[in-house]
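Could you slot chain E onto chain Y? The hints should help.
There are 2 protein chains.
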Amino acid sequence: MKTPTPKNYQVPGFKAAGIACGLKKNGAKDLALILSTTPAVAAGVFTKNRVQAASVTLSRRTVKKAGPIRAIVINSGNANACIGKQGMTDCKTLIDRLARELMISKEEILIASTGVIGVPLPPNKLTDGVPELVEKCSAKGMNDAAEAIMTTDLTRKTAVARFSIGKNKIVIGGIAKGSGMIHPNMATMLAFVQTNARIDPSTLQQALKEANEASFNSITVDGDMSTNDTFIVMANGQAGNKPIKPGSKEYAQFTAALTEVSKNLAFQIVKDGEGATKFVTVRVSGAKTKNHAKKVAESVATSSLVKTAIFGEDPNWGRIICAIGYAGVPIHPDRIVIRLNGATLYENDNPTRHASMDSLRRKMQKPTILIAIDLKNGNETAEVYTCDFSYDYVKINAEYTT
Amino acid sequence: MKTPTPKNYQVPGFKAAGIACGLKKNGAKDLALILSTTPAVAAGVFTKNRVQAASVTLSRRTVKKAGPIRAIVINSGNANACIGKQGMTDCKTLIDRLARELMISKEEILIASTGVIGVPLPPNKLTDGVPELVEKCSAKGMNDAAEAIMTTDLTRKTAVARFSIGKNKIVIGGIAKGSGMIHPNMATMLAFVQTNARIDPSTLQQALKEANEASFNSITVDGDMSTNDTFIVMANGQAGNKPIKPGSKEYAQFTAALTEVSKNLAFQIVKDGEGATKFVTVRVSGAKTKNHAKKVAESVATSSLVKTAIFGEDPNWGRIICAIGYAGVPIHPDRIVIRLNGATLYENDNPTRHASMDSLRRKMQKPTILIAIDLKNGNETAEVYTCDFSYDYVKINAEYTT
Numbered sequence: 053m054k055t056p057t058p059k060n061y062q063v064p065g066f067k068a069a070g071i072a073c074g075l076k077k078n079g080a081k082d083l084a085l086i087l088s089t090t091p092a093v094a095a096g097v098f099t100k101n102r103v104q105a106a107s108v109t110l111s112r113r114t115v116k117k118a119g120p121i122r123a124i125v126i127n128s129g130n131a132n133a134c135i136g137k138q139g140m141t142d143c144k145t146l147i148d149r150l151a152r153e154l155m156i157s158k159e160e161i162l163i164a165s166t167g168v169i170g171v172p173l174p175p176n177k178l179t180d181g182v183p184e185l186v187e188k189c190s191a192k193g194m195n196d197a198a199e200a201i202m203t204t205d206l207t208r209k210t211a212v213a214r215f216s217i218g219k220n221k222i223v224i225g226g227i228a229k230g231s232g233m234i235h236p237n238m239a240t241m242l243a244f245v246q247t248n249a250r251i252d253p254s255t256l257q258q259a260l261k262e263a264n265e266a267s268f269n270s271i272t273v274d275g276d277m278s279t280n281d282t283f284i285v286m287a288n289g290q291a292g293n294k295p296i297k298p299g300s301k302e303y304a305q306f307t308a309a310l311t312e313v314s315k316n317l318a319f320q321i322v323k324d325g326e327g328a329t330k331f332v333t334v335r336v337s338g339a340k341t342k343n344h345a346k347k348v349a350e351s352v353a354t355s356s357l358v359k360t361a362i363f364g365e366d367p368n369w370g371r372i373i374c375a376i377g378y379a380g381v382p383i384h385p386d387r388i389v390i391r392l393n394g395a396t397l398y399e400n401d402n403p404t405r406h407a408s409m410d411s412l413r414r415k416m417q418k419p420t421i422l423i424a425i426d427l428k429n430g431n432e433t434a435e436v437y438t439c440d441f442s443y444d445y446v447k448i449n450a451e452y453t454t
Numbered sequence: 053m054k055t056p057t058p059k060n061y062q063v064p065g066f067k068a069a070g071i072a073c074g075l076k077k078n079g080a081k082d083l084a085l086i087l088s089t090t091p092a093v094a095a096g097v098f099t100k101n102r103v104q105a106a107s108v109t110l111s112r113r114t115v116k117k118a119g120p121i122r123a124i125v126i127n128s129g130n131a132n133a134c135i136g137k138q139g140m141t142d143c144k145t146l147i148d149r150l151a152r153e154l155m156i157s158k159e160e161i162l163i164a165s166t167g168v169i170g171v172p173l174p175p176n177k178l179t180d181g182v183p184e185l186v187e188k189c190s191a192k193g194m195n196d197a198a199e200a201i202m203t204t205d206l207t208r209k210t211a212v213a214r215f216s217i218g219k220n221k222i223v224i225g226g227i228a229k230g231s232g233m234i235h236p237n238m239a240t241m242l243a244f245v246q247t248n249a250r251i252d253p254s255t256l257q258q259a260l261k262e263a264n265e266a267s268f269n270s271i272t273v274d275g276d277m278s279t280n281d282t283f284i285v286m287a288n289g290q291a292g293n294k295p296i297k298p299g300s301k302e303y304a305q306f307t308a309a310l311t312e313v314s315k316n317l318a319f320q321i322v323k324d325g326e327g328a329t330k331f332v333t334v335r336v337s338g339a340k341t342k343n344h345a346k347k348v349a350e351s352v353a354t355s356s357l358v359k360t361a362i363f364g365e366d367p368n369w370g371r372i373i374c375a376i377g378y379a380g381v382p383i384h385p386d387r388i389v390i391r392l393n394g395a396t397l398y399e400n401d402n403p404t405r406h407a408s409m410d411s412l413r414r415k416m417q418k419p420t421i422l423i424a425i426d427l428k429n430g431n432e433t434a435e436v437y438t439c440d441f442s443y444d445y446v447k448i449n450a451e452y453t454t
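From first to last, the protein sequence lines stand for chains Y and E. Numbering-wise, this note's numbering comes out as the position in the first sequence, counting from 1, plus 52. Numbering-wise, this note's numbering comes out as the position in the second sequence, counting from 1, plus 52.
Calculated directly from the structure, the hints in this document are not laboratory data. Among the hints, erroneous ones may be present.
[Unchecked claim] Under the rule of at most 30 Å between Cα atoms (straight-line distance), these lysine-lysine pairs were calculated in the DSS-like manner:
#1 E/447 x E/415
#2 Y/137 x E/54
#3 E/117 x Y/340
#4 Y/137 x E/418
#5 E/418 x Y/447
#6 Y/100 x E/418
Quick caveat: nothing in here was measured; it's all calculated off a predicted structure.
If we strip away everything but chain Y, and leave its shape as in the complex, we get (with noise of 0.2 Å):
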């Protein structure tokens, strides 16, 4: 679906970079550097894939090492997935050569790719592109890097919240790519983020985990996992505040900044959803566990039925019923309310009769689709995001090369 485009950020202490060095065919930029101007500090999550890209093994690694990082270098148009021993001798060797022009340790570098699985990166073009790249570099820059991380994606991904601690002045800045093979435990999407404020790793990593669970955790678009998957935050500490301690007001306002910034540029991400024309929130409450609410909601926002029903505009509460039915979680039919857009659908274990039938459709002509559904067997809840499934979804897919 349209969105506008974000705008460039700036996060105090960090600079930026996007080109094109020749992997992608028709010269789009395609690979990007973001760097912090003194040592930082990073938190990740990864696929969990049991297939894996070498740059994950190699970032996920680096990450629990907890030590100073400066930089990350991403390439797309290539995944440098499953082509064996090579795909880690290639990550090293593009590490290699950017520790080099940066004049930095290789231990302060991390990597991420994405693109086709299986075809070996062409030697040299990678390396022969590191020059420019650092050249380039500048704090303007994110929006470059933002289009240099892209895929099958129509639009850039950016993402800004700030705040104050104090007298210092905080800033959460992100970039994301993602638009096919999203779902639950991140699937096919990359995400950086930079903040100058100043916290520890393993804090840092405890916010990351929270915002990551209410944002990338919480999108699907067609339930399929990827190889590469990716979110890393760098924290440079230039803000200059008391450093942020679990449990404080401090980490409080952090992780709901943080959270922020991930949400937005995981909603973008569903947005793009190949072929998406709406946005779709599954809203589940009145469960008896957070996990039996997220599976229900996780249920219906990826059934095929339901997102073709929405696709056509149709209020087919049977389906959401029907998905509900096969979450694998103890419910009672009879209890279940379902709206849509506001109007109740499904009641009293009976369909709500409406006055007409026309005034629900104009409901599903939105570009913006909430389905809520009262589980009435407890107090918890957990929202889904999703987007509809399309006849460009199919297009898209049946025509990406391998």
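Frame of chain Y; chain E shown alone:
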């Protein structure tokens, strides 16, 4: 995909009929009856969806009682689900009327429904149809019954198998419907099998479970499971064979023939999958457990990305290995071998180099696709059957009216 229309069949001692009672707006057949001329035993499996049609609740209960069964009545055009207590009342009214017409006990009648959820059955249409239904019931009526249970199906589905126990000729014949909402644990499908074999209800239930696992529980079209799935076998013993005992040679013969009929019907459902252009077998070998094998096969067969790639005739093994990776089963990515219609696509942690991409694409152009995956991690195997994911799937499901 276009398939030859299967032939009519007869099972000794069974009659059937299919008529139009007015549930379907277009005047097509929508009420079916299968009748045994003598008391039969029945076995059945039903949807695991927690939201269930009244007919499912009722038939499950009747089958469990293991008493004599004479008839099954099935309507299409209305699922009789999610309409509160009215659903059960309407079931019982129809059964009462039919019992009087056939002069048999209400306890001897099973019932099944398929169609739109949440719309109450129009009063009297079903009961008014009963006299014509009974009058038309004949040994040659199976095709009419098969037609009367169709919803979005493009073709009626029948299958038959024959074998001998000594001098006794056993016939097993069946009808089925289903084209969307098809997923393991049965999903929107109905199947009714009749046999003249002599077998007690618990042995029949055991044979049915084996046949079901290899057929209806191994197919997926779109990952949605319905409120109405039903698979019932009736055996009237008119062949006069010595009763079939578990563990016997005859049991093995009977189960093989029942599996053959069930698989045949299940394959017809997949081929008639909404918008399907190809029949896809996902065969997993080298798994540690049977459950692992099936989970991996299901993960690949359910992936929208794999299914759109097959529609696009694209040998995209990357999406296959990706779906293997998120199946939730321990694997060794470096051992996996993926073959597509005989051509090795992935081996030794690397995609296989092919002399020509054209020959690979030609293999993809066939209407039948075999994805063979060797996990090289054990000796267990499983097969799951599915179809591709085309524009027409979206079209059919966006336009099917609530």
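Now for the hints, and whether the structure bears them out:
1. E/447 x E/415: This hinted pair holds, its Cα atoms lying about 27 Å apart.
2. Y/137 x E/54: 45 Å, violated
3. E/117 x Y/340: Violated: residue 117 of chain E and residue 340 of chain Y sit about 34 Å apart, past 30 Å.
4. Y/137 x E/418: 34 Å, violated
5. E/418 x Y/447: 20 Å, holds
6. Y/100 x E/418: 34 Å, violated
Violated hints for the displayed structure, listed by number in ascending order: 2, 3, 4, 6.
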